[in-house]
Amino acid sequence: MKLVTIVCEKLAREAVTRLLRDVGAHGWTLWEVEGSGAQGSRTGDIPEFTNIQVEVIVPPAVAEMLLTRLEKEFFKRYAMVAYESDISVIRREKF
Amino acid sequence: MKLVTIVCEKLAREAVTRLLRDVGAHGWTLWEVEGSGAQGSRTGDIPEFTNIQVEVIVPPAVAEMLLTRLEKEFFKRYAMVAYESDISVIRREKF
Amino acid sequence: MKLVTIVCEKLAREAVTRLLRDVGAHGWTLWEVEGSGAQGSRTGDIPEFTNIQVEVIVPPAVAEMLLTRLEKEFFKRYAMVAYESDISVIRREKF
Amino acid sequence: MNADLLQAIQANLLSPALLFFVLGVVATLVKSDLKFPEPLYITLTIYLLTAIGLKGGAALSEAGLAKVWLPTLAGIALGVVIPLWTYAALRFIGRLPAVDAAAICAHYGSVSAVTFIAATNFLKQIGQPFEDYATAFLAVMESPAIIVGVMLGKLALRREGDAAPLGGVIKGALHEALFGRSVVLLVGALAVGILSGKKGLEATAGFFVSPFQGVLALFLLEMGMVAAKRFADLKRVGPFLLVFGIVAPVLNGIAGVLIGQAVGLSLGGATLFGTLAASASYIAAPAAIRLSLPEANPTFYLTAALGITFPFNITLGLPLYFAVARWAFGASTP
Amino acid sequence: MNADLLQAIQANLLSPALLFFVLGVVATLVKSDLKFPEPLYITLTIYLLTAIGLKGGAALSEAGLAKVWLPTLAGIALGVVIPLWTYAALRFIGRLPAVDAAAICAHYGSVSAVTFIAATNFLKQIGQPFEDYATAFLAVMESPAIIVGVMLGKLALRREGDAAPLGGVIKGALHEALFGRSVVLLVGALAVGILSGKKGLEATAGFFVSPFQGVLALFLLEMGMVAAKRFADLKRVGPFLLVFGIVAPVLNGIAGVLIGQAVGLSLGGATLFGTLAASASYIAAPAAIRLSLPEANPTFYLTAALGITFPFNITLGLPLYFAVARWAFGASTP
Amino acid sequence: MNADLLQAIQANLLSPALLFFVLGVVATLVKSDLKFPEPLYITLTIYLLTAIGLKGGAALSEAGLAKVWLPTLAGIALGVVIPLWTYAALRFIGRLPAVDAAAICAHYGSVSAVTFIAATNFLKQIGQPFEDYATAFLAVMESPAIIVGVMLGKLALRREGDAAPLGGVIKGALHEALFGRSVVLLVGALAVGILSGKKGLEATAGFFVSPFQGVLALFLLEMGMVAAKRFADLKRVGPFLLVFGIVAPVLNGIAGVLIGQAVGLSLGGATLFGTLAASASYIAAPAAIRLSLPEANPTFYLTAALGITFPFNITLGLPLYFAVARWAFGASTP
Ligand SMILES: Nc1ncnc2c1ncn2[C@@H]1O[C@H](COP(=O)(O)O)[C@@H](O)[C@H]1O
Ligand SMILES: Nc1ncnc2c1ncn2[C@@H]1O[C@H](COP(=O)(O)O)[C@@H](O)[C@H]1O
Ligand SMILES: Nc1ncnc2c1ncn2[C@@H]1O[C@H](COP(=O)(O)O)[C@@H](O)[C@H]1O
Ligand code: NA
Ligand code: NA
Ligand code: NA
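Chains as they are written, first to last, in the working numbering: chain A, 1 to 95; chain B, 96 to 190; chain C, 191 to 285; chain D, 286 to 619; chain E, 620 to 953; chain F, 954 to 1287.
Treat the hints as calculated values from the structure; they're not laboratory data.
Wrong hints could be hidden among the right ones.
In silico EDC-like cross-links for lysine to aspartate or glutamate, where the CA-CA straight-line distance does not exceed 20 Å [unchecked claim]:
# : chain 1 : residue 1 : chain 2 : residue 2
1 : C       : Lys266    : F       : Asp1115
2 : F       : Lys988    : B       : Glu109
3 : A       : Lys72     : C       : Glu261
4 : B       : Lys167    : B       : Glu109
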């Protein structure tokens, strides 16, 4: 299985979770983070300047599709970073 | 070394950390997250509907034991997801 | 690409982010966590007893340098754990 | 009588607290991005419990034990009896699995602090005096039902072949029932109120008394959102639980009012006693049950307690229990 | 007149609220580790919006609709006209990209609740009466400009070849403009205030009224830090936007005062009306724009609204709009 | 005299603030899941510091500088002398490592705002007047000891062969000591209070004054939990530090009272001055020391300051310093 991690501004939350449903993820985990990157530092004190980190467990094919669509549709619009890594889950059938 | 990640409802916290001690983990890291999965969305606004994410660094043998016990004892009872991944730590002797 | 994860006490935050800039990381992501380890449990209720988790995406060479400097300069001073893992990012040129 | 009830309902529904509750429901239904952060929810809970505990304790220190011991015992008895009859109803009429019936009956036997507070608010709104030390009944009624419910559930699991040692689980449930955060805050603040007395309350009244009703209104805004999020689960729990979520509090509420009168409480006090009997816990019980009876399905008990009974009680239930009390006390129209 | 203005400026700058704002700016500039956690920021926002809504609603329920409909319509009209003229200025004088101009004009056409609250605070400080129901104008002026701005931006993107269906985006923007958290809280609390009336406000005054000015001071401490963090971006937005961030509110403010007078508001009310016109949204608009016009660069609109216009308005703007109102009303030195 | 002391102790222990502190200790000892979220802790800290700063500043603006400069200088002097003698004691009697002695002495030379606030609360409780501008002494006494302690520590590390450049570290420590969040809030709010004066305080009294004692009570509930969590470390710090954690504040407290009297303070003011000398910092100092002297073991200084001295001071210390002041001023039983 793949774990896809997305770090992006909080205001993109709706758009990101909608995409996750679109590509067929069965669940996700999300929390608020602070960050610093090319688009300045996001200090986490007011909602307009907070990031979220989203982690989603998906099969490799879905991971690929997800990353492709993030690159095409999101990267020029939102402050965002995304990557995937290998994990081994219990209850594979769940994802 | 292995990093075992557990995402589960906050109310399982005591039970999970007890298990970690049981299997011999020397430490853990934990924070609150929101989530969505088979058992509905956990919106993070009141403690009854919040998740926690627990990350624990353990040797491979311990990781295996931990995941087995999670599967046997926890999965039918709690909203939960668990997986392991490979990491390389500094100060291996610590874990 | 490498993902370096650092879990340390919140009071080391300034020192850690300074180090990240020093070794040439282009960004980082950070949030507050609770933890338990060799130096006792950090309960996350007051800033003096909270941890942060820092995640930073860097090329392998930078990751190595970062971990080496953490080991040399930070580990005897601060409650801290650090490890690296392999990830594949989109937009490699960013990091 | 009917006109009285309507008037009481109207007075209740037009209070800021209730209107904010409705606003919370509406905000969720229109999918607003309004959301209370968890630390705010916890802070409001801490505030409401300590404030009511402190006031109740100060009142206790004035009233003395003589007036309080009988209704206190009655409250504990109710906390044992309510889970027993509701368990039977859920199991044999509702045909729910034993462990779910046990979990639900623990919630209905235990009490909801916020419902109690809303009731004091309602009585204040309509100018009906009540015993301020009634908080003590709230405090003693939180735990017994949880322990009864957990024991019923564990016995059922045993019969189904679960060999887990009972002792440890009961100990855990006892600990949670006695030292869970809501019980500790409430009982602790009661003790602080008793020890520091009227003088202590006066010194801190600018924080614990004057802003109280406004804080309650803000909290009910959040509770409206929390309750409305459970509405989606209403179809999942089946028609029996929907009916149960309204009939059980009404029956418990009427019984509570009558018992309250029998043990010597005033009209206002009996209304509060009825409200306690009618209310279903959604802070102490869910935490304790999740820890001690994780086999029970939370959708059932949370939806019933939060999605049905809580909204019913704070909107129509309170005026109803008050009307019952007025009828029982033979009171004439004021 | 000049002396009056100076005196008003001084009264404003020496109020605790303004001084705490300056403290926030200083704390950021000296790189202190002082930081408000996000839940506190959100809590303060919720408090201020519900408190002002409740008060406004109670005032509305006394004043009646007859007095309110004309200025309300005027407010909505301003919310449509301001984004149009500012869009033209940003586009053709400032030569900004169309989508950025659209985003910015939405912020200046919409309103800042905190600036409005600071204005009521200022009027209270100097003893100038005003219409308490003015909150209603704040409520209706939040959304129209956002919708106008999003439509302008989407039309521009179309011309540039973006083929995304307009309908969905406008629907999303409408939803955010009507049900975004600040609008829901403000309109909802207004409704609560109207329904529960003076009695409801009195019951909760210990929370929603007496601590209000102090809470505002604390919030402005945070706003000082937030605004000061934008100062670093001032060089990035270019000289035009710097000038725009001060000239636009002044022009809008003067227009607002005169229109306020024309539709029958008092001296204090016209000052508030001018302040609303002058203020730039930094809660409702950024969220809606980020969702509906993510192509626009947030550095532009956030820096202009938060880093320039907000500090200008609450320090010098308020006394200025008041001076304009005094002049318009031909008032003599008090 | 003895009877007086007992009575004062009782008055202190039966105040809601102290009782809530005890409740926090108990909640931790019985392993309740009660927990304050960090944002609430930070919010309470911000509130207490700004409230006390504002009140102190308003008092200063009335009193004028003439009355304040001498005790202020005395306070700074104490902030330099206390770390010197405690360092010597820790090093040569306690035989602690130099860097740990340096870290601890910084905490005892610096001051605890909450202990100070508890002292004002105590004096109010027993009806003893005091100088409201005493907050100014609190403000100036936070930093000097931290700087002294860091310098002592760095010199020690040098002798042990650490070649790190001293300049940078001292600069960092200075920055933290002068611009750390607690100092900025306190000094900033003092300045706001001075500038906005009595009028500003009155306008915000509904937030910064009337709820103050209640907020303190809630905060002490949290502090009770925080302190009790350190109790587990008591055995780890050794018997010397246990004794030091009580003897040092008593000696410093007596010296503080006498010096306070010598520089012209009233009975109440001298009690506060003694409390400041006796108190050990647990907000400003730990942060600064952790950053500038990370080689020091936090278990030592946090356990001593939070686990021993803080609980001692707010329970028995306050009445003791008051008794000393009464004796010094030759006051008869009231
Ligand atoms: N190298 C990095 N390592 C970890 N997180 C990063 C990195 N670069 C950016 N981020 C995160 O991604 C967010 C958006 O990045 P950016 O679009 O570069 O501003 C930042 O606010 C960080 O939270
Ligand atoms: N596919 C997934 N990816 C990431 N997190 C998940 C996924 N599925 C479930 N989770 C997390 O695990 C929690 C429990 O899952 P569940 O038992 O499926 O409701 C959810 O609330 C999420 O936080
Ligand atoms: N085995 C582990 N797995 C995950 N996190 C750990 C582990 N050990 C320590 N930590 C984290 O690192 C922090 C510092 O560790 P220590 O220096 O061992 O006290 C702890 O508070 C935990 O948050
Ligand atoms: Na009940
Ligand atoms: Na405007
Ligand atoms: Na001291």
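So, going through the hints one by one against the coordinates:
{"no.": "1", "hint": "C:Lys266 to F:Asp1115", "verdict": "holds (14 Å)"}
{"no.": "2", "hint": "F:Lys988 to B:Glu109", "verdict": "holds (14 Å)"}
{"no.": "3", "hint": "A:Lys72 to C:Glu261", "verdict": "violated (39 Å)"}
{"no.": "4", "hint": "B:Lys167 to B:Glu109", "verdict": "holds (17 Å)"}
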